[in-house]
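Undergrad: Letter by letter, the chains look like this.
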Amino acid sequence: MNGAHLAFRAQPDVSIDADYVVVGSGSGGSAAAIVLARAGYRVVIVEAGAWRDAADYPETMLGVMRDLFPDWGANVATGDSILPIVQAQVVGGGTVINSAIMVRTPGDVIEQWDQDHGLGDVLDHRRMGAALDEIASELHVTDTRVDVTHFGENNQRLLDGLTHLGLDTHPTLRNVRGCQASARCLQGCRHSAKQAAHEGWIPEVMSLGGAVLSCAPVTRICRKNGVAIGVKGRFRHPQTRKKGAHFRVQAKRGVLMAASATGTAPLLQRSGIALPALGRFWRAHPGAGIIGVYPDEVDLYHGATQGTASIAHRMAHGLKLESLALPLELVAGRTGGAGTQLTRRLQDIRHQAMWVSAVRAEAEGTVKAGLFGGVRVRYRPTIRDLKKLRIGSAVLAKAHFDQGARAVRPGIVGLPFEIGPDEVHLIEEAPLDNRAWTWVLSHLFGGAVMGSDPERSVVGPDLHVRGARQLHVVDASVLPTTLGVNPQHTIMAVAQIIARRLANSDHTRHHGA
Amino acid sequence: MVVLLKWVLAALFPSVDGLIGLDSANLSAPLQRLSKEATLTFRLGLYLSAFAFIFSPIVTLGWPLPALWLGRSALDRHARAMAGHRWYLMRQAMLMLKTVGGAIWGADPAVRGQLGYAPYGHDPGTFRSDHRVDVVSQPQVNP
Ligand SMILES: Cc1cc2nc3c(=O)[nH]c(=O)nc-3n(C[C@H](O)[C@H](O)[C@H](O)COP(=O)(O)OP(=O)(O)OC[C@H]3O[C@@H](n4cnc5c(N)ncnc54)[C@H](O)[C@@H]3O)c2cc1C
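Going down the list, the sequences are from chains A and B.
Residue numbers for the first sequence follow the numbering used here, beginning at 53 and rising by one.
Residue numbers for the second sequence follow the numbering used here, beginning at 6 and rising by one.
By construction, these hints were calculated from the structure, which means they are not laboratory data.
Straight-line alpha carbon distances no greater than 20 Å define the calculated SDA-like cross-link-like pairs of lysine to any residue that follow: (1) Lys-294(A) to Ser-40(B); (2) Lys-294(A) to Asp-135(B); (3) Lys-295(A) to Thr-131(B); (4) Lys-439(A) to Leu-478(A); (5) Lys-295(A) to Val-66(A); (6) Lys-295(A) to Leu-45(B).
Predicted model only: the values in this text are computed from it and were never measured.
Can you make the complete structure from the sequences, with help from the hints?
TA: As structure tokens, then:
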């Protein structure tokens, strides 16, 4: 099976041996897998979604929901409101649909992990710095304005607007090569410009003797006397969702969980792991958008999907402000109103610029195994989070007006559909009620966090899931805090540090120091 | 159910001022595809939302009639009132319908053409079957 990719099959059952099995092929899973494969281990990656190349990518949003999102994008977090959770279920995970922004882990976060979570021996500045550097150079992290055929008006106006307001703002750094400025990151990059995991690391794992199982949701981690010895599940057809053959991967050295902040903790629970912190400390950067309508054309769909960002308000207000080109279909569904009023409001789509505030929220939620193999996420942004969002949205509105917007559409229930430059205070005084805002969750953390306190962590500083041997977590669920910046670079770095330590400790055990 | 959904979505995205709405778009194909391919949870949410739309004129307009019986302008007022209703669940039902309606409207070639956007190609729905790559080096770590 070396070098093989096995997709859905009705029959016969599959059984494979590996040194390590990695569950989930997104940012964390692929980053850990490549380190172990390069260290000479036979790595098998098991992924619930299908393997789709650029030619397989859907064009429409209905296609994206069907082919790239889990459960047609119907996953939500509930608290006092319903918050959509956007994630990918495909080989490459989030790296396929994300905007390719790569931001280094802020130094204060690494310090917080050390001081509050006792992780200094594992995730210190030196190791994190080295891992981040290596990943950045390998994945071709570049200034968006350099590696794109057209930066895009949506991005340019945010850059100019926030800069005029005195906020440090910059083109994003992204892992792309030859971006064609089609503003279609969410649909998967048809030009293969995005350096997604299934374009690089995953095929390399295969070429180093590893294997990939796709359409293969793991249903259980197999353990014997407390030692994780493999995983099992049944293939599932990506379109019909019919169940197929059973699969089982036996892993001599260990199981690495990377099924994401919504997938890992529930799977650990289903596999009989019971720890006080499991499923807790679930966090996010909830985000909400604000649209400016301009007298001239902006054309959201010409330029990088997310080409500009500012973290000037990160420390004071926990905010990240960025540009975002949502597909026309999503803009149509999210614009306020209905009937003739709605269609009329969509006529000026070419004149719209869309920017978002992502909040480094303090809210803590939970993630649990739900009914019929599903997942239940409880999460409720706090009043303080809402206050941060108000600040971010007001700053963006001011930037829109600075750039000459004729009106701003705040998208907040209780406010006028459009406001003018003298009405930005309405955003600053907007209701502190989650149901009034259109939050979306795409940066997720926790559920199986790392730390030294057994009551507050699932993975100890020795990197094992507590009470289980040869079982590790290498995805966003391990992060004990939010970051206030885009997470994939950090997730990859943490996964690689963990994987490297595993490889080194194995070598030491078997071959001496 | 497809017929009912067609009617509801067309009420949410009607043609206006020359811009094509879902009343003149091809709704059958995407809705049939949806009812065939979408998950049960998704379809349930969609159908429940459609029912909420049909049976709520009593709440939005104070009229004890299903929306199906409303005249054009009353229907338009009902849609608008439901989208901005103070009950959160009403707004959520509307969001569900608008998400699907928006997905169909924004992908419609005639709409895209009118707005100056290139039409989409079809969604291939394909994925990789089994394949193999050349193994350049075999795993070497043996305990
Ligand atoms: C639209 C969008 C845009 C984003 N843009 C950016 C950006 O520009 N920059 C950035 O830094 N971050 C971005 N993010 C966030 C980033 O993509 C995620 O934080 C990151 O990918 C999470 O990594 P992960 O390894 O935890 O999980 P994922 O990347 O989500 O991977 C988890 C994988 O596990 C699989 N899986 C789940 N359950 C099972 C199971 N039981 N068996 C087998 N496989 C399973 C899933 O199918 C999935 O492929 C974005 C996210 C979204 C949704």
